[in-house]
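Colleague: As a plain string of letters, each chain reads:
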Amino acid sequence: MANYKLDITKEHCPMTFVKTKIELAKLKQGDTLEVLLTEGEPLENVPRSSTEQGFKVLSISEAEVKGTHLVVIQK
Amino acid sequence: MAISEIKLDPGTKKLSIISFSGDFDKLTAVFTLATGAAAVGYDVNLFFTFWGLDAIKIKQGRSAVGKGFLPKVFGIFMGGLKSAPVSRLNFGGISPNIFRYLMRKNNVATLEELVEAAKVLGINFYACEMAMHILGIQKSDLIPEVKDILGVATFLKLADGGQTLFI
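Those protein sequences? They're chains A and B, same order as listed. Heads up: the first sequence at position 52 corresponds to 52 in our numbering, and the numbers run straight through without jumps. Heads up: the second sequence at position 117 corresponds to 117 in our numbering, and the numbers run straight through without jumps.
To be clear, the hints were calculated from the coordinates, so they are not data collected in a lab. Treat the hints with care, since some could be wrong.
In silico DSSO-like links for lysine-lysine, alpha-carbon gap of 27 Å or less [to be verified]: (1) K105(B) - K66(A); (2) K26(A) - K119(B); (3) K105(B) - K10(A); (4) K105(B) - K19(A); (5) K139(B) - K72(B); (6) K72(B) - K10(A); (7) K14(B) - K147(B); (8) K105(B) - K28(A); (9) K10(A) - K56(A); (10) K59(B) - K119(B); (11) K5(A) - K119(B); (12) K26(A) - K147(B); (13) K82(B) - K139(B); (14) K26(A) - K13(B); (15) K28(A) - K14(B); (16) K26(B) - K139(B); (17) K19(A) - K119(B); (18) K119(B) - K13(B); (19) K10(A) - K82(B); (20) K13(B) - K19(A); (21) K14(B) - K19(A); (22) K19(A) - K147(B); (23) K19(A) - K26(B); (24) K105(B) - K5(A); (25) K28(A) - K13(B); (26) K14(B) - K26(A); (27) K26(B) - K10(A); (28) K13(B) - K56(A); (29) K5(A) - K75(A); (30) K13(B) - K26(B); (31) K10(A) - K26(A); (32) K14(B) - K56(A); (33) K14(B) - K75(A); (34) K82(B) - K19(A); (35) K119(B) - K75(A); (36) K13(B) - K75(A); (37) K66(A) - K5(A).
As the structure is a computational prediction, the values presented were derived from the model and not from experiment.
With the hints as constraints, model all of the structure from the sequences given.
Modeller: Here it is, written out as structure tokens:
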């Protein structure tokens with residue numbers, strides 16, 4: 001099982017979702033993707049849309065930089 | 001594509017956009033909505049008609065695309081994705097490059113990046129048969145990602161059950 005990382009803190013809509021979707025598409029069963037993202041729309045929608053697409057959100061935690069969060073998603 | 005061949009999955013969320021305008025800003029809206037929707041799990045259909053066809057020409061600059069004299073003149077004046085004007089304050093074609101600069105500076109995807117993302121995300125590109133006929137555009141003038149040339153009835157069937165926008 002592989003663990004991938006993605007930083008979308010510098011991205012804006014729609015590339016926040018586009019880059020996450022492209023990375024999620026690379027996952028094999030059991031692989032995880034750690035997405036570092038900002039508060040607001042990315043934090044609200046990346047976990048929700050990932051769940052809707054059949055992925056499992058393992059955790060959402062505050063990251064080191066204020067206003068950023070780490071979302072761990074598993075296929 | 002025949003209407004009878006279209007199989008719709010009632011459980012899938014769907015967005016269909018009629019891309020009528022060849023303007024830089026309106027095409028940016030089309031591809032922003034399309035890629036955003038595809039990225040969060042929607043099936044997305046883009047139906048390019050009239051000036052919207054400029055966005056999916058292989059030749060992105062000004063060129064004599066089209067069969068016949070008048071279509072070629074239109075082709076030269078309208079051009080493709082790289083020569084799309086903005087709908088307001090175009091300033092003789094300077095504004096799109098100012099927008100591209102501002103988009104890069106603010107780390108926002110440019111129109112060209114959004115189009116590439118749309119291809120990667122598997123968004124369905126369709127072209128309008130009637131507009132292609134008027135403008136003398138052949139399927140070979142369009143990017144290979146264009147899945148099919150459609151009429152209204154087939155597009156409506158594809159869009160059935162989802163959300164539809166006209167831009």
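Colleague: Taking the numbered hints from earlier one at a time, note which ones the structure violates and give those numbers from smallest to largest.
Modeller: Violated hints: 6, 8; rest satisfied.
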